[in-house]
Amino acid sequence: MSIVNARALLKRYGNLVAVDGISFEVHPGECFGFLGPNGAGKTTTMKMIYCVLPPTSGDLRVMGMDVREHPRAIKARLGVVTQENTLDTALTVRENLVIFARYFDIPWALAGRRADELLDFASLADRAKDKVEYLSGGMKRRLMVARALVPQPDLLVLDEPTTGLDPQARQLAWEKLRQLKRTGVTQILTTHYMEEAAALCDRIAIMDQGRIVAGGSPADLVAAHAGREVVELRSVGDGWGDPGAVDRVLGAAGHLVEMHEVHSDLLLLHTSDGEALLRRVREGGIEISSATQRRTTLEDAFLRLTGRRLRD
Amino acid sequence: MAPRVPILGNLLFFSPRGAFRFWQRNAYIFRRIFPESVAVNFMEPVIYLMAMGFGIGAYLSTIGGLPYLTFVATGLVATAAMFGATYECTYNAYVQMYYEKAYDAVITTPLGVEEVVIGEVWWGATRSVLYGTVFLAVIVLFGTVRSPLALLIPPLFLLSGLMFSVIAMTFTAVNPSIDYYTFYFALFVTPMFMFSGIFFPLDALPGWVKTAAWVTPLSHVVSLTRALSLGTLEPRHATDLAWILAVTVTMFPLPVVLMRRRLVK
Chain V
1 MSIVNARALL KRYGNLVAVD GISFEVHPGE CFGFLGPNGA GKTTTMKMIY CVLPPTSGDL
61 RVMGMDVREH PRAIKARLGV VTQENTLDTA LTVRENLVIF ARYFDIPWAL AGRRADELLD
121 FASLADRAKD KVEYLSGGMK RRLMVARALV PQPDLLVLDE PTTGLDPQAR QLAWEKLRQL
181 KRTGVTQILT THYMEEAAAL CDRIAIMDQG RIVAGGSPAD LVAAHAGREV VELRSVGDGW
241 GDPGAVDRVL GAAGHLVEMH EVHSDLLLLH TSDGEALLRR VREGGIEISS ATQRRTTLED
301 AFLRLTGRRL RD
Chain P
1 MAPRVPILGN LLFFSPRGAF RFWQRNAYIF RRIFPESVAV NFMEPVIYLM AMGFGIGAYL
61 STIGGLPYLT FVATGLVATA AMFGATYECT YNAYVQMYYE KAYDAVITTP LGVEEVVIGE
121 VWWGATRSVL YGTVFLAVIV LFGTVRSPLA LLIPPLFLLS GLMFSVIAMT FTAVNPSIDY
181 YTFYFALFVT PMFMFSGIFF PLDALPGWVK TAAWVTPLSH VVSLTRALSL GTLEPRHATD
241 LAWILAVTVT MFPLPVVLMR RRLVK
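Top to bottom, those sequences are chains V and P.
Okay, so the first sequence: first residue is 1 according to the numbering used here, each after it adds one.
Okay, so the second sequence: first residue is 1 according to the numbering used here, each after it adds one.
Keep in mind the hints are simulated off the structure, nothing from the lab.
On a predicted model such as this, the values are computed, not experimentally measured, just so you know.
Take these hints with a grain of salt, some might be off.
As the list claims (entries may be wrong) - Here are the computed lysine-lysine pairs in the DSS-like style, where the Cα-Cα straight-line distance is at most 30 Å:
#: 1; chain 1: P; residue 1: K101; chain 2: V; residue 2: K131
#: 2; chain 1: V; residue 1: K131; chain 2: V; residue 2: K176
#: 3; chain 1: V; residue 1: K181; chain 2: V; residue 2: K140
#: 4; chain 1: V; residue 1: K140; chain 2: V; residue 2: K176
#: 5; chain 1: V; residue 1: K129; chain 2: V; residue 2: K140
#: 6; chain 1: P; residue 1: K101; chain 2: V; residue 2: K176
#: 7; chain 1: V; residue 1: K181; chain 2: P; residue 2: K101
#: 8; chain 1: P; residue 1: K101; chain 2: V; residue 2: K129
#: 9; chain 1: P; residue 1: K265; chain 2: V; residue 2: K140
#: 10; chain 1: V; residue 1: K181; chain 2: V; residue 2: K129
#: 11; chain 1: P; residue 1: K101; chain 2: P; residue 2: K265
#: 12; chain 1: V; residue 1: K140; chain 2: P; residue 2: K101
#: 13; chain 1: V; residue 1: K176; chain 2: V; residue 2: K129
Given these sequences and hints, build the entire structure.
Next comes the structure, spelled out in structure tokens:
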């Protein structure tokens, strides 16, 4: 049975369609990621999963239960890390965990024991008595994750778990999330960091403008939407504005080019054999200012699918 | 599952145990500042009573056959309940909701907006009882309480605290910005404070002012605290109690419905 099952899930705010009829499934024990630019509908989808936003239409089941009919029963088995930190500033680090446990009807003594275990897990044991306002950004985020684990959830929902963290804090957060995954906790996360999606997720759904535009494992997505390698050619002068110039490159490279993209002075050629392609471009006598050849990444697939236009 | 109680027919349900959990969180936080809080609560009425009793009382010896200090003290005790609930469900609730995001965290647990609002309202009522009881102790010390019926005042504070909490929470649910509480206090709380029969009897007021004053919730609480303190309960006080009950019961679902509309879009 799937942990989350969405069919034609739609959320509308007035005239704005934030989530436009998406369908997906999350399986037990996997880490499923929503990757997408700002405004793609990731957070709205997450909020519907953790039952604080009712769907406008479509079907959404979490652990077999309809989100409209059983929000409390679902929430009793969920751990949620919201996009913004929502720690209780009136309480200390440890009290944040203990009081949170009470919302799940966990008895005081057990709540205390679990709080101590989770503080160890989150490497926050030495900060137990501090007010949360004195924690660093990374510590606050780890405390958010620790708090989400208080009810021993079957599903952990993480909305941008590492946004705003420095590289060290992010690495530590990833390590903790991978550690959790080994214990069998199913995870759903959103991110707009490719490395994060690639490092943590078994499967990814790429969202754009409320729709899922592609899905699969990071490797499959790259292979299907970006090919194996990319050759980047920088033009001399004003860029690749002259279509004749691009045509000359494509003519020289022939069938080696699987797809191409032009971004001002940068021409991207997706291919399975970068070296052969580069050789042909050189032999064709085409003038370029520089050429690089590299393996494709999730970012190539992502940008191909969602475009390079700035989103705000 | 915890038992659920329907509000407004089938429109909304809430779990009393869930509401109690949020109440418990507030109580847990309050426990730490309890001694200071009680000390401040003790000082405030003392200052008021000294100013009113000895200052104004020096010019006015009796009002309606009562020493002025006794008249004021037995009415003023009602305001402790009003302010306890009102501060909790205006500024405190607003800061927690909009600045501290405390509600956003709680609604990801089995608790929903309903439990948070109801827990908050009951906490406001609890503060009314705590503050009001301290105030009551002060006016006993001032020798203004004449009847053991005064023991019924704390339970009355629970009820009137609920009423003031529900009214304040309704305003909080629709309040667009924290600055607007100025209007709530200037146009509602302060006039009520002045025209509820605490400082002068309402009988002497011109007709329409008297009617307006009678409509305010506080005037009924004042009427009851005075009667209970002095042992002068009459049949008309049943009307006061009925009025408070009616306002509380009719308005009770309002903050829940409005807050839900605000937080769940």
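_Agreement of K176 (chain V) and K129 (chain V) with the hint, judged by alpha carbon distance not exceeding 30 Å_ = holds (22 Å)
*Below or equal to 30 Å on CA atoms is what counts here, so check K181 (chain V) against K101 (chain P).*
Given that 30 Å is the threshold and the Cα spacing comes to 28 Å, the pair holds.
*Hint consistency between K101 (chain P) and K131 (chain V) [alpha-carbon to alpha-carbon, up to 30 Å]*: holds (16 Å)
*Is the hinted pair K140 (chain V) and K101 (chain P) satisfied, with a Cα-Cα distance of at most 30 Å?*
Holds. K140 (chain V) to K101 (chain P) sits at ~14 Å (cutoff 30 Å).
*Does K265 (chain P) lie within 30 Å of K101 (chain P) when you go C-alpha to C-alpha?*
Since the Cα atoms of K101 (chain P) and K265 (chain P) sit roughly 16 Å apart, the hinted pair holds (cutoff 30 Å).
*Agreement of K129 (chain V) and K140 (chain V) with the hint, judged by alpha carbon distance not exceeding 30 Å*: Distance ~14 Å between K129 (chain V) and K140 (chain V) Cα, so the pair holds.
*Decide if the proposed pair is consistent with the structure: K131 (chain V) and K176 (chain V), CA atoms, cutoff 30 Å inclusive.*
Between K131 (chain V) and K176 (chain V) the Cα gap is close to 23 Å, so the pair holds against 30 Å.
*Taken at face value, is the distance from the CA of K176 (chain V) to the CA of K140 (chain V) at most 30 Å?*
With a Cα-Cα distance of about 14 Å, the restraint between K140 (chain V) and K176 (chain V) holds, given a limit of 30 Å.
*Compare the distance between the alpha carbons of K181 (chain V) and K140 (chain V) with 30 Å, and conclude whether the hinted pair is satisfied.*
Answer holds: K181 (chain V) to K140 (chain V) is near 21 Å, not above 30 Å.
*Take the C-alpha atoms of K101 (chain P) and K129 (chain V), compute the straight-line distance between them, and say whether it is at most 30 Å.*
holds (21 Å)
*Is K181 (chain V) within 30 Å of K129 (chain V), Cα to Cα?*
Holds, at roughly 29 Å.
*Taking 30 Å as the top limit, are the C-alpha atoms of K101 (chain P) and K176 (chain V) close enough?*
Since the Cα atoms of K101 (chain P) and K176 (chain V) sit roughly 25 Å apart, the hinted pair holds (cutoff 30 Å).
When the structure is compared with the earlier hints, no violation turns up for any of them.
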